[in-house]
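Enquirer: Each chain, written out:
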Amino acid sequence: MRIFLQAGVLTLSFPPNGTYVINKQPPNKQIWLSSPKTGPKRYDYVVLSEGQDAKEGTGKADWVYLRDGSTLTELLHTEVGVDMEQPYAPVPHQGD
Amino acid sequence: MQGEAWEKADAGLKMGASKRKCGVAPSSDLNHFNCNIRLIPAHKPSIPSQSIVLQPSHSFYDTIYAIMTRGALSKLVRGSRTSIRPLASQSSSAAIRASMLRPAILPIAMHVSRASSIQGPRFFSSTRPSLKGLSPESENPQPTPREPEHNVTESVSGPADITIEQFHEVADAYLEALIEKLEELQEETEEVDVEYSVCPLFFPMLLWRN
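So the sequence lines, in the order shown, correspond to chains Z and A. According to the numbering used here, the first sequence is numbered sequentially starting from 1. According to the numbering used here, the second sequence is numbered sequentially starting from 1.
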């Protein structure tokens with residue numbers, strides 16, 4: 001397995017699956033991923049509310065492929081085997 | 001000897017009843033008890049063949065054992081082929097009452113739900129055996145399938161309304177965390193090479209946007 005981060009593009013050679021490419025897309029605020037197993041996906045940053053009684057700013061957030069609702073964390077866990085649960089503090093929703 | 005046996009039976013009755021937390025009247029007024037009764041034919045030469053002795057069980061304290069001789073058991077079965085009803089209210093059990101039971105035991109009502117015909121010395125119990133789930137052949141309940149995690153996010157309407165600075169903040173944090181995790185994975189598998197380089201080509205794009 002080889003990992004390269006270049007020009008904001010993370011290239012991950014992960015045998016036997018193949019090569020994953022993950023990169024930021026600032027114009028539309030997305031992270032794009034290309035998986036040799038499941039193809040390309042565009043992930044938006046989504047704050048997941050955990051109910052009305054949840055304290056503001058404590059809700060989970062993840063990069064979500066809005067077309068099917070899957071998350072980048074999920075894909076990395078399933079295909080690469082890394083656990084990215086809550087790796088960072090989410091940005092509070094602007095509308096609150 | 002009979003007096004001693006009855007004392008043991010009385011103690012056993014109280015003991016079993018208290019273990020099962022069912023109400024038992026004082027020994028002078030034993031009218032009903034609802035404990036499970038297991039009738040065990042046993043050969044006790046010291047106990048007269050025409051008596052029933054209730055004894056506490058040493059292995060199953062929640063069950064009261066009625067130990068009787070083979071002859072008494074066969075009489076009991078002959079007298080009540082279908083079921084053993086509460087003796088106090090069973091009019092046809094006069095023969096059993098007279099031949100098997102001492103007057104002190106008479107008021108005790110035995111509720112045995114299933115007392116089919118018995119051939120030879122064998123056990124019968126009012127408790128239905130429940131072996132479900134104990135043997136490999138029995139029904140094995142399947143665990144409920146775990147719902148995919150992305151079902152949680154399906155209710156989300158759209159992406160968070162974040163600024164471009166916040167996007168870079170959270171995206172960089174995510175990618176850095178990912179690289180960190182991959183490096184950990186690399187250390188575990190020892191087949192991974194991690195190279196990290198910051199490319200300046202990214203910044204002209206930012207300048208171009210601004």
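Fair warning: there could be bad hints in the mix.
[Unchecked claim] Label pairs and their computed distance ranges (CB to CB):
hint, chain 1, residue 1, chain 2, residue 2, range
1, A, E184, Z, D68, 26 to 32 Å
2, Z, Q6, A, T189, 30 to 36 Å
3, A, Q186, Z, N28, 27 to 33 Å
4, A, T163, Z, P15, 22 to 28 Å
If you're looking for bench data, these hints aren't it; they were derived computationally from the structure. Don't be surprised by glycine CBs; every beta carbon is placed ideally from N, CA and C.
Enquirer: Next, verify each hint and record whether it holds.
Expert: Do the hints match the structure? See the list:
1. Judged by the Cβ atoms, the range 26 to 32 Å given for E184 of chain A and D68 of chain Z holds: they are separated by roughly 29 Å.
2. About 22 Å separates the C-beta atoms of Q6 of chain Z and T189 of chain A, a value inconsistent with the hinted range of 30 to 36 Å.
3. Between Q186 of chain A and N28 of chain Z the beta carbon distance is about 31 Å. The supplied range of 27 to 33 Å therefore holds.
4. Remark: the range hint 22 to 28 Å for T163 of chain A to P15 of chain Z is contradicted by a beta-carbon distance near 39 Å.
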